[in-house]
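J.: Protein chains in written order, with the numbering used here: chain A, -10 to 260; chain B, -10 to 260; chain C, -10 to 260; chain D, -10 to 260.
Certain hints may be false.
Where chains are identical, the list cannot tell them apart; a pair therefore holds if satisfied intra-copy or between any two copies.
[Unchecked claim] Heads up, simulated DMTMM-like pairs for lysine to aspartate or glutamate below, C-alpha to C-alpha not over 25 Å straight-line:
hint, residue 1, residue 2
1, K48, E61
2, K174, D190
3, K174, D40
4, K174, D42
5, K3, E166
6, K174, E41
7, K174, E51
8, K14, E139
9, K70, E41
10, K174, E34
Bear in mind the hints are in silico, worked out from the structure with no lab data behind them. Quick caveat: nothing in here was measured; it's all calculated off a predicted structure.
Number of protein chains: 4
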Amino acid sequence: MKRLLYIPKERLYKIIFEAETREGKIFDIVLMMVILLSILLVVLESVPQIDEDYHALLKILEWIITLIFTAEYIVRIRIVKQPWKYVFSFYGIIDFLAVLPTYLSIIFVGSQSLVVIRAIRLLRVFRILKLNRYIYAGQNLGRALWASREKIFVFLFFVLNIVIIVGTLMYLIEGPEHGFSSIPKSIYWAIVTMTTVGYGDISPMTPLGQFLASIVMIVGYAIIAVPTGIVTVGIIRKSNRTNTQTCDNCMHGDHEDDAAFCKKCGQKLNA
Amino acid sequence: MKRLLYIPKERLYKIIFEAETREGKIFDIVLMMVILLSILLVVLESVPQIDEDYHALLKILEWIITLIFTAEYIVRIRIVKQPWKYVFSFYGIIDFLAVLPTYLSIIFVGSQSLVVIRAIRLLRVFRILKLNRYIYAGQNLGRALWASREKIFVFLFFVLNIVIIVGTLMYLIEGPEHGFSSIPKSIYWAIVTMTTVGYGDISPMTPLGQFLASIVMIVGYAIIAVPTGIVTVGIIRKSNRTNTQTCDNCMHGDHEDDAAFCKKCGQKLNA
Amino acid sequence: MKRLLYIPKERLYKIIFEAETREGKIFDIVLMMVILLSILLVVLESVPQIDEDYHALLKILEWIITLIFTAEYIVRIRIVKQPWKYVFSFYGIIDFLAVLPTYLSIIFVGSQSLVVIRAIRLLRVFRILKLNRYIYAGQNLGRALWASREKIFVFLFFVLNIVIIVGTLMYLIEGPEHGFSSIPKSIYWAIVTMTTVGYGDISPMTPLGQFLASIVMIVGYAIIAVPTGIVTVGIIRKSNRTNTQTCDNCMHGDHEDDAAFCKKCGQKLNA
Amino acid sequence: MKRLLYIPKERLYKIIFEAETREGKIFDIVLMMVILLSILLVVLESVPQIDEDYHALLKILEWIITLIFTAEYIVRIRIVKQPWKYVFSFYGIIDFLAVLPTYLSIIFVGSQSLVVIRAIRLLRVFRILKLNRYIYAGQNLGRALWASREKIFVFLFFVLNIVIIVGTLMYLIEGPEHGFSSIPKSIYWAIVTMTTVGYGDISPMTPLGQFLASIVMIVGYAIIAVPTGIVTVGIIRKSNRTNTQTCDNCMHGDHEDDAAFCKKCGQKLNA
């Protein structure tokens, strides 16, 4: 810690918040490994056999990781220009919640519900997206989905309607004696069927119920094509746009692959 | 109610049937919430535990909603120019069926089958599609599917044939002792398998049956690609078509939504 | 029958083999209904309850349909110019096999295995594809799949390899005590999992097995994208081609939508 | 063997390593059949019934195949110019591991774990990809997937995160009494659900658990669209790119495979 603080603030900022320098990259990768280790800890601790055999080791690792995260959190606050902005930012809150539960566990001994808060630590993993090359790919996907949001909403709305109507029908056809004990449970069954998950914990027994189920399945099968089509078209559009050149004249950068002239100002584009 | 009827007919029409004015938007959103609440009521009433504990509350809410819907139905009839046209329109019939069951429940006490009619109330939810921005997205999807109807029909026809043939074969291979008790039931199994739902309530036991099932699954897996391809192409086409204008100079017609100049010859495009 | 044979041969040919005339369309639709009825008979006869209650009726309908099919078969032979060519054509053989089992049932009384041959009658349903508008859509789909056959083969080859390797691994990991009693059965499980059918009749119990299964599922999930992509691209290509005009000069008819010149001979195309 | 070695080295090389000559094709097809037979042996030997009945036959075939593979391996080493390069190449190592287990079985009698190594023999099947026409299709698919690797990574990363978070939540909601005995097991359930496999060995029992599961399924259903879109776009791009040449006159580069003239200006294209 001490040695770290001797490093000039600006260089430290580059190391911790950016990933362009060699030290910045090393820092990011080490941090990523510690985060993944902390997630592994939460996961492993829930396995009764492992928790029993390695309880002490898990607790020690838990404290080491918490201390590393605490140190990192403090350093981050000290080197940013506007500490409060960081503290109340998305990552700031997650970073805080990542260290909180371990300290709380001293006060509230053996509190099971702390696992819930500790699970929030998982969200730290999204820092991996800071790694340069994935930002771009992630943003592209995000924008493609965002551009199709209305179509996706309409689609989900129709699916929800079908699922409610089918659930109600199945409740009336099969009834509680075949496991369809209420409309919410029948809707749950309809979602399980429509999405082709098909647990089989509830399944139709009467011929009429099986006939309706068959229709729902085929409809669900055909309907799976719709979001696929929407997203594919969204990705095609977005990826067409991102692959191109910038106009000399108006700096517009959103041209199709085969455009010869800028579509904004009519300037001829360079090949 | 009284105050509502004092509002001039034309303004009332804009509020209830359109969504451009501020009051119109508020009306639509309030109506939507009442509709969703009415659906929630139907769903919750079917849960034995909830129906037992809150029977009186559910009944009261049921009557309040029915009265709201009745008032809305009467107002709608009074302000449209051709009342009969509305009464026999799609939404008119649904609006009527949405209020009917509660009144019928006074005459036919405890009639379980009224739930069926009450479920029709779910269809009122499609009014949400009147919200401006979703109409366009919904129509586009609808037109894309409609344009592909012949391909989808041919596809479903092949699937149905495969399913009948496979069902018959499995009935002969596995037979009633492994749950394949009749051809319709075997067809039901084939649909469950082909659509990758896979409940597991019926599953092949003999090596030959499992071999045939494996082939059906892989075929079904490959076949899922076909409707996806059809719909994707349909959406690509429709979304291309709705965004297109033609250049005056070179007649090139393949422009993006936000293009102001022809990308082939640089000619300014008409807005 | 008699009256039918009084109709001139050529007109009869148009009625039975073509669908352009009014009588031809009526004939096709009636035939289709009889075929669908005959399939329904095979299916219903397999339901023990129905077979018991309506045995006599089913037998009578069976014979009526067989006689209709026999008459149709004889007329078809008599009016085609090359009877033997029809008899040994795909539809000729199916038409023959469709009538055979009922006659054989007189000789081999109560022979269960005749259902197998009778199931061949299902194939008659493919005559529906003769209905004009579906031929085109069906051919397009068929050509799109055919054009992608090599990619699909490579894909299936990889899937088969993964399935064999995963099946072998799971046999070694889980072993007979958890239902993975042999490699073929483990391969069956791998196919059930990879295609996301997931019956649940066999499922991994050991942590290692569940870990491997998880990887297989995610791989299967990602892999489902591949045939979809292949087929979508195939359909895009074929549908681009079929939407176009024919060159005046060389009669080449395979142009893209935005082609201004024939790509075979360089002749300017008509707009 | 002796006669084979009399054939000049160069011709032998063409037969064994290439597939252009008639003998080369025959060699490849025979080898492929032997490889498939050897895989069939591994698979069949694991079926207890078959192993019991045909133990001797399986053992003899096993040795015959091993000797054929050994001979092939030696010939391959002798005719390549740089034997060591072949020995340590991907196929060289697989060819070696394919013959090893049978010889080891003499030393380590009845060693079950040899099946693991013997399973490596399955990898020999990839030699089938040497068959000319499939190389191209396979490479294209591979390149399409490779070009989309970043998007696929980001997608898998999100899926893994959702699966870990959902798994943790379900562990807290359902708990060990409903089969969600640890977080890893809950994550396994989340993967089974999200990929729409749905075994049903573990399934939510509480209303809250079923509600969360429903959301996961619908999200999973929507998310299945994303890799499909990514791969489709990847394939569209790669297949466009591999079929392209540029017009000398107008530099238009968007031509189909079979185009002889530029579709924009009518200029003859170079072959």
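J.: Hint numbers the structure violates, sorted upward?
T.: 5, 9
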